[in-house]
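Student: Chains A and B, in that order, give the protein sequences. Quick note on the numbering used here: the first sequence kicks off at 1 and runs consecutively. Quick note on the numbering used here: the second sequence kicks off at 1001 and runs consecutively.
Honestly, the hints are just simulated from the structure, not real lab data. Any given hint could turn out to be false.
Stated by the list, open to error - No more than 27 Å apart at the CA atoms, straight line, and that leaves these computed lysine-lysine pairs for BS3-like:
#, chain 1, residue 1, chain 2, residue 2
1, A, Lys238, A, Lys263
2, A, Lys263, B, Lys1042
3, B, Lys1145, B, Lys1042
4, A, Lys238, B, Lys1145
5, A, Lys85, B, Lys1042
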Amino acid sequence: MRSWPYLYLLVVAACIQDSSRQHPGDPDMPDAPAPTADAPPGVVPISTIALTVDDLTFGIVGDTRPPMSNDTASYPTAIITAIWKGVAAAAPGFAVSTGDYMYVSSSGAEANPQLDLYLGARMAYSGPVFAALGNHECATATASNCGPGAPDGTPVSYQTFLRRMVQPLGVSTPYFMVRVDPPGGAWSAKVVVVAANAWSEDQARWLEDAMAEATTYTFVVRHEPDSATTAPGVSPSKQIIGRHPLTMQIVGHSHSYGRLSQKELLVGNGGAPATGSLPYGYVVARRRADGAIEFSAYRWDTNVRFDRFAVWADGTAAP
Amino acid sequence: MGRRHRCALTLLLALLACERGKTLVGSKSSISGGPFLDARGKMAFPYSDARFRVDRDYLYVTLYAADEDIRSTDYFDVSIAPLSFRVGPALSTAPAVVEIDRDIDGTIDRSFDLDEEWVVELSIPLAMINTQPARVVISRCDFPKQGGRRCGRFEGTLELRP
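Just need the whole structure built from these sequences, with the hints factored in.
Tutor: What follows is the structure, encoded as structure tokens:
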């Protein structure tokens, strides 16, 4: 396993949802930040992570779960272990994952065993991993919506995901932003992680503010693609994202790989039952010397690249 | 039902996965089965899966289909001798005594979006399976968005022992 050469500093909890960003005239917006659905009363929600790296290079992994509910014996451990070893070999400064790490029933008894397998495989890579919430970390159905006060509440799967994959990053909500900068400030980037299955007015306000932060590159990570409109946060977040600059939206949900549109990349081939004919694998995004972001898709078993394309910071095609 | 009666009805489900030469034996309450294989004996893409379970009266078959484009015409070909029928997210040619439950995660016949999966659960009266051992062949073909026709199948032998 390689070391983690590019990461200088991980500063967690740098930013707090700012009460100065109130929306005037919004009667529901209190003077002080309200505890969110995922933060206990009195705890100010933390939703931004600051990261300093030499080069903008990150791994992308998505959708890893067994085919049947509670079928922990069929967890794709070998595939996800190989995938994270492949990511580690590319030595990215960080990685993102697009959701669905478990498939458990409402009792949630298998949530920890399945995350044990996932996180055990993920240990092959020692850098920070920013995990998006999938529908299977909520109430399984694509239409489910979690969080206190939400229709599906806080099932064990949701609580376990937050406790083991989000809170260790220092954030308290399933939606958060990672601000990425190089030491010299030659460029800037933000990774905006949206939780479409924990959608709320709080998240909508946060997303508007997060997307408004000016950076050279903007990557949105959300589990469901734009076409999965039954997920409660897909259409409203799409509207907000559409009002701001975007380099690439990275999604999962469908267990395959593909360029869904010029600015939407599907990476859902992380070991969950394959919905298409493409192999399991992972993607590495790398900022080139000319400023374009190059996405390379690799097979899980041979690490052979099977797709490559590049975009400029505004998401348009680059050679 | 008394203990002696339950014991007398204890069933063993033996499924022989032909391509791999591997024998899977399940007791009354356990689940046996596995993923579909393609013509080369490798895991089929898109993924499909068959699981079997038996109790006193029924053979339960759970069929899983990963599917990025669920169509009303999709189906599994199910052959558990002497039964033979098709069942999918919307269609069925199974005998009326076969109970069918469906779970669909996605939209049917909307090819512009991306679907996830569909599952059918069959409850087949044991009385319908009167050939011992019973040959089991379950297959599925699909048309992924990347193009082409991709097929996989599960083969085995079902043996119910009193």
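Student: Any of the earlier hints contradicted here, and which numbers?
Tutor: 2
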